[in-house]
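Engineer: Heads up, the sequence shown is in the numbering used here, so the first residue is 1 and it goes up one at a time.
Possibly wrong hints are sitting among the right ones.
What the hints assert, rightly or not - Label-pair restraints from in silico Cβ distances:
| # | residue 1 | residue 2 | range |
| --- | --- | --- | --- |
| 1 | Ala69 | Ser192 | 44 to 50 Å |
| 2 | Asn308 | Arg507 | 41 to 47 Å |
| 3 | Leu374 | Lys54 | 33 to 39 Å |
| 4 | Gly367 | Arg326 | 42 to 48 Å |
Since the hints were derived computationally from the structure, they do not count as laboratory data.
Since the structure is predicted, the reported quantities are computational estimates derived from the model, not experimental observations.
A virtual CB, placed ideally from N, CA and C, is assigned to each residue, including glycine.
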Amino acid sequence: MNAEQYLAGESKHVEYKLTIPKQSINYTKTVVAFANCQGGRIIFGVENNTWQVKGIPEDQVFVIKDAIANAITDSCEPMVLPDISLRDYQGRTIIDVAIQPGMQRPYYIKSLGRDQGTFVRIAGTTRLADEATIRELMFEGSNRSFDKAPCLGLTITDEDIDRLCERMTDIAKGNANSGESVKPVTRRQLLSWGVLIERDSELLPTNAYAILTGNEAVRSVVQCGVFKGNTKAVFVDRRQFTGPAWELIEQAYQYVLRNIHLGARFDGVYRHDVYEIPPDAIRELIVNAIVHRSYIDHSSIQVAVYDNRLEITSPGRLPMGQTIERMKEGYSKIRNEALASAFEYMGYIEHWGSGIPRIIEEVTAAGLEEPEFLGGDTDLRINIYRDTQDVVPGESLNDVGNNGLDVAKSMVSRQEIDPDVGITTGLRRETDSDVGITTGLRRETDSGGETVTSDEVQTTYQQRTSILGALRIRHELGIKDITEVLGVQERQAQRIIRSMADSGLVRRVGAGRTTRYVLPDNNGDERQ
1 MNAEQYLAGE SKHVEYKLTI PKQSINYTKT VVAFANCQGG RIIFGVENNT WQVKGIPEDQ
61 VFVIKDAIAN AITDSCEPMV LPDISLRDYQ GRTIIDVAIQ PGMQRPYYIK SLGRDQGTFV
121 RIAGTTRLAD EATIRELMFE GSNRSFDKAP CLGLTITDED IDRLCERMTD IAKGNANSGE
181 SVKPVTRRQL LSWGVLIERD SELLPTNAYA ILTGNEAVRS VVQCGVFKGN TKAVFVDRRQ
241 FTGPAWELIE QAYQYVLRNI HLGARFDGVY RHDVYEIPPD AIRELIVNAI VHRSYIDHSS
301 IQVAVYDNRL EITSPGRLPM GQTIERMKEG YSKIRNEALA SAFEYMGYIE HWGSGIPRII
361 EEVTAAGLEE PEFLGGDTDL RINIYRDTQD VVPGESLNDV GNNGLDVAKS MVSRQEIDPD
421 VGITTGLRRE TDSDVGITTG LRRETDSGGE TVTSDEVQTT YQQRTSILGA LRIRHELGIK
481 DITEVLGVQE RQAQRIIRSM ADSGLVRRVG AGRTTRYVLP DNNGDERQ
């Protein structure tokens, strides 16, 4: 970094002091903040309000330099070794104190103690670290991963472990091109990843086990919301999802798809339904948020759909050594090593570090702005800006099914039939061949046809596909589960699932209060 760069103004990595303060804590707390974060430099001899270089008087330079070195080495715990140099700028001498990112975190002011003396750098300010940040720094300093630590208070049985192995194997087979090539998960594999640890010949769960299974011992929540306009002033809808990590991915993903728009383009005579935001990019962002968030921070992942953007916020500062710039270039820094290994096995992560560049490529290839990456000090926020110019009027992803099902699987007698959800819509799509998008829906009538908005058909389609999507993940649902999935009252849920059972889309198992519903291919088993 040359003088022009670090004299261009205060920032996350640069702070100015006109001269050495009477109390050294006024700059040593910034020293520990730099050591706890990505490093930085304090420039003495520059006015912090005007950024004007005043310089240090020549007769005081070496006295001040020695005083700074002594204050830093005496005040900081663990010891911080600064790189202090004298620089000439336009005939004036300035003192450049460079602090490297520390490896023995957390660093703190010795006289204040760790709890009150640990500081971090946020934007261009130095702030006292909260309890969650201090714990995160402790794990970084000990080169440990929080998700590999034992989950205190959580006990498991051999049956619990076997159930997790079976579920993860099922998901991996479902996500693989060839399920036969997938090797089943074993206890030994869970041990090698850090999902389990062994103590005195006993298998114990780690925090990763709790996160994967949705156990409340580790808070794992995804909050989803739709807002009117481009701020959070007006809620349109909100949901909160909990449960196993893979269910959180599917629930959040389907929520976004239900609340963004679907258009259509034509390649010759062939119609292609096109989501305004590439679905693969949406799923990848949600996976990244769940796998790489800080679980020490008790905040929730937030997925927000605004009129102009999709916004996903993941709690926690970026891991040591990671920056937004390096992340966009494909540099991988794994915070939760056990989770990353488990998700890679299940097919949610292809290659570590490739996710963000792939998201950027998919979004820009769709004609949208490059995703916006914000924060990194306390959380990471990613925005994908929407372009609604080519959106079908009045048509959203409530018109389509789970896992990217096309609205029209076949066309029979001018009726659109979707065999996966058992709905004949009775609607014919009007298309504008000049622009290659669907312009509306028409209901066929004896008098020739009228333009309609079929809310009833759309709602039924959405409800049935949501239930089928949940069954593909959970394998079985009770009435309470269905009310959760649909967000409706129990009586309405019973009517919907009874209709699906009568049409053969699902199958009843059990009776009375023990009744549950499975996919018809299950042949009586609880798993697919």
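Engineer: Compare the structure with each hint and give your call.
Structural biologist: Status of each hint after checking the structure:
{"no.": "1", "hint": "Ala69 - Ser192: 44 to 50 Å", "in the structure": "holds, 46 Å"}
{"no.": "2", "hint": "Asn308 - Arg507: 41 to 47 Å", "in the structure": "holds, 44 Å"}
{"no.": "3", "hint": "Leu374 - Lys54: 33 to 39 Å", "in the structure": "holds, 34 Å"}
{"no.": "4", "hint": "Gly367 - Arg326: 42 to 48 Å", "in the structure": "violated, 27 Å"}
In summary, the one numbered hint that this structure violates is 4.
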